[in-house]
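J.: What follows is each chain in one-letter form.
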Amino acid sequence: MLQYLMILLDDTSTSYCHYNNKKSESKLISIEDLKAGIFFGMTENLMIQYVYPSHALPAEYEDVLESIDHSKIMPADNPNVDEADVVVFNDWKQMEGFSYSEGVSYVLRINKSDLFEQKVLIADTIEKTTKLNVVITDVESFCDEDFDTYKGVLQLWSEKLEKLYAEGKSPLLNLLTDRMQLEEMNNCGAGESNITLAPDGKFYVCPAFYQTNSDTIISPAFKAGSLEEGVHVKSSQLYKLDHAPLCRKCDAFHCRRCVWLNRKTTLEVNTPSHEQCVVAHLERNPSRQLLENIRKHGQFLTQQEIKEIDYLDPFDVKEEW
Amino acid sequence: MSDYIYSYRESGSSKNITFIVTKDCQLACKYCYLVGKNAKERLPWEVAKKAIDYVLNHEQDFQEESVVWDFIGGEPFLEIDLIDKICDYIKTEMFRLNHHWFNSFRFNFSTNGINYDSQKVQEFIKKNRQHLSIGITIDGTREKHDLNRIWKTKDGFSPKPEEEKGSYNDVVRNIPLWQEQFPGTGTKVTISSADIKYIKESVLHLYSLGIHEVNINVVFEDVWEEGDDKKFEEQLIQLADAIIDGEFYTDYTCSFFSENLGKPLDKKLQNQNWCGAGRMLAVDAAGNFYPCTRFAQYSLRDKKAWIIGNVHDGIDKNKLRPFLTLDRCTQSKQECIDCEVAEGCAWCQGENYDAAESPTVFERSTAICKMHKARVRANNYYWNKLYRKLELEGIAREEADKHVKKSNFQEPC
Ligand code: SF4
Ligand code: SF4
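Chains H and W, in that order, give the protein sequences.
Per our numbering, the very first residue in the first sequence carries number 324; after that it's consecutive.
Per our numbering, the very first residue in the second sequence carries number 725; after that it's consecutive.
Hint data in this document are derived by calculation from the structure and do not stem from the laboratory.
Note that the structure is a prediction, hence the values are computed from the model and not measured.
Treat each hint with caution, since some may be false.
Output of the computed footprint for chain W on chain H, the stretches with three or more beta carbons under 8 Å from beta carbons of chain W [stated by the list, open to error]: (1) 545-558; (2) 592-599.
Pairs of lysine-lysine residues, derived as BS3-like cross-links and limited to a Cα-Cα distance of at most 30 Å, are as follows [what the hints assert, rightly or not]: (3) W:K1057 to H:K563; (4) H:K546 to W:K1057; (5) W:K1113 to W:K987; (6) W:K1057 to H:K557; (7) H:K486 to H:K435; (8) W:K739 to H:K572.
Here a beta-carbon is modelled for each residue, glycine too, at the ideal position from N, C-alpha and C.
Using the sequences and the hints given, assemble the complete structure.
T.: As structure tokens, this is what we get:
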């Protein structure tokens, strides 16, 4: 069931996820479409999230934007970033010297080589934020060597988290703490629980299907209606967990299960790549260990149990299901 | 004569590797799904060689016990020189590499049969006879065959209705030679809306030509008109009467009648996919790999080709994952999952993809639903009538198998 409406305020609105926004020229959503989008959100009872570009919006947008309760997703270089509910760093360098606020979520979008190099910077940031979401922007390019390196990086962060929890703090790092808390799948939900309104007045399954431009991946099929027609997600069943043969059996509950990445790598929105699954399991397994380690310091999430498993890609054990 | 029967192990798993050798054909069959047929694209030798090298040098990725090297078109025998070269290379390389397929391979052809008796094709058959299977497509009576299987114009286009010329004579003259060289080989018949009324006489006609196995199916495309199911059922019932009353059942088969048909299917135990797309591999002139030929651009009406790699970079295994995780229930509507007569209701993954609302193979087309249900009713009639007849002749049900030849044909995708 739809719950969230993401409104891209501009073609250059920041990516907050795996895809890179390929649109470089500003094109604001029209005031009329913005109003119609808000009206749609109100009538459908959707929670609205505005996605901002790096530049400030014209003054006449302010009143319209504020006419409904909403969250703001802003890139770290937006001049009004102190109003954001979610701050996105598109470059790790933006994190240096940044003053973090309580109650705000921070998203670091980073490629694997920077991630491996900046593991200490990220470990230090865990301590400074209440919620840090690290989003890897080139998961599909991981090779076996990268998997090994990533394992080591997660280990470092896990030790840091254990230390902080032992001190009585409870910072959140999506890659390691989300799985500890979850008892069922909690994925991105694009096309199912959330839908995107783009500056062209059309709905899309997720912003990636509007802001990236690969011919093979982007098909009109991922347009999901318009303000005039309403939302129509084509083959909508495929966005539901029960129609994803691998994921419905999987317990990497924190995995984004990115439908855009799925489409890009396997051509099917409901089928993940080997790389996405292995990366998610490389996170899942130390989450399990972290949970046990934190419990050595006291009672913690007592109901939670994460099983020990011996695979990294559910595809490899599909015959056993 | 038995020399011509291939020595191919039927048991165990088998890989199908298909070369799309040409998109050209002498005919312009009306039901042909190859919407993008053209005379220009033929498989270059270098591409075929690279594909063979890739497959044979990645033995670990091709663990199937045996292999069928398929050659399709258009009309494959238009490229007999190329095919001969390809087959020689495959044999030499399998031997040189001591490949586990060396003693377990077959070359397979589906041909329109027109140049079957040409010297080159005949020489090829003699040379490869131990490892060869060939199917010739003939649609039935002259009238039925010529309704669809018509010659192209000289310029390579579909003719105007008044200029249509059927290909029946050009094919039928080769049937005796083909049956002599490949005794017992069946023929494949495809039924579209306009052919329904010819089904009975066509099957009987094929029997009269000496063809004992008629493998027949209705097209998967959404071509069915109001009332087609009723007409189809009537034809099948007439055919059932003719086969039973004429006692053809002892030595001839028609795949429309099968005992494994028309029962509900278990959601867990009978949840496998129908078609083999993704477990096969097809390569075209551009050197692209496909999960099956139906995913090449020339076979698709509305969707983009589904390319899973190419001869230079190899197969992108991620692009095979959907096919290898696809099961019956995930791609079926609730109506099909709950269907009382689901067993034997076939689908083609390529047609599903082509007909789906979005680019997916996870959305089963149900265009054949009413035709399947009609077939189930006629099939029930056939077996009830046949078993009763045998019973009245003093043949108990348990003994019936000895008196009835059964079709092993599985609907193709
Ligand atoms: S790890 Fe793989 S199978 Fe599991 S939820 Fe993520 S994408 Fe799906
Ligand atoms: S297509 Fe029709 S006959 Fe076939 S399984 Fe579905 S409901 Fe049953």
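J.: Could you run down the list of hints and mark each one as holding or not?
T.: We went through each hint and held it up to the structure:
1. Residues of the region 545-558 of chain H with a Cβ under 8 Å from some Cβ of chain W number 3, which satisfies the need for three, so the listed coverage holds.
2. Counting residues of the region 592-599 of chain H whose CB falls under 8 Å from any CB of chain W gives 7; the rule of at least 3 is met.
3. As the CA atoms of K1057 of chain W and K563 of chain H are separated by approximately 14 Å, the hinted pair is consistent with the 30 Å bound.
4. With a CA separation close to 23 Å, the supplied pair K546 of chain H and K1057 of chain W stays within the 30 Å bound.
5. Proposed proximity of K1113 of chain W and K987 of chain W is supported: the alpha carbons are some 23 Å apart, at most 30 Å.
6. For the hint pairing K1057 of chain W with K557 of chain H, the CA-to-CA distance comes to about 15 Å; that is within 30 Å, so the pair holds.
7. Annotation: proposed proximity of K486 of chain H to K435 of chain H holds, straight-line Cα distance about 25 Å (limit 30 Å).
8. Between K739 of chain W and K572 of chain H the CA atoms are separated by roughly 28 Å; this keeps the pair inside 30 Å, and the hint holds.
In terms of the numbered hints stated before, the structure departs from none.
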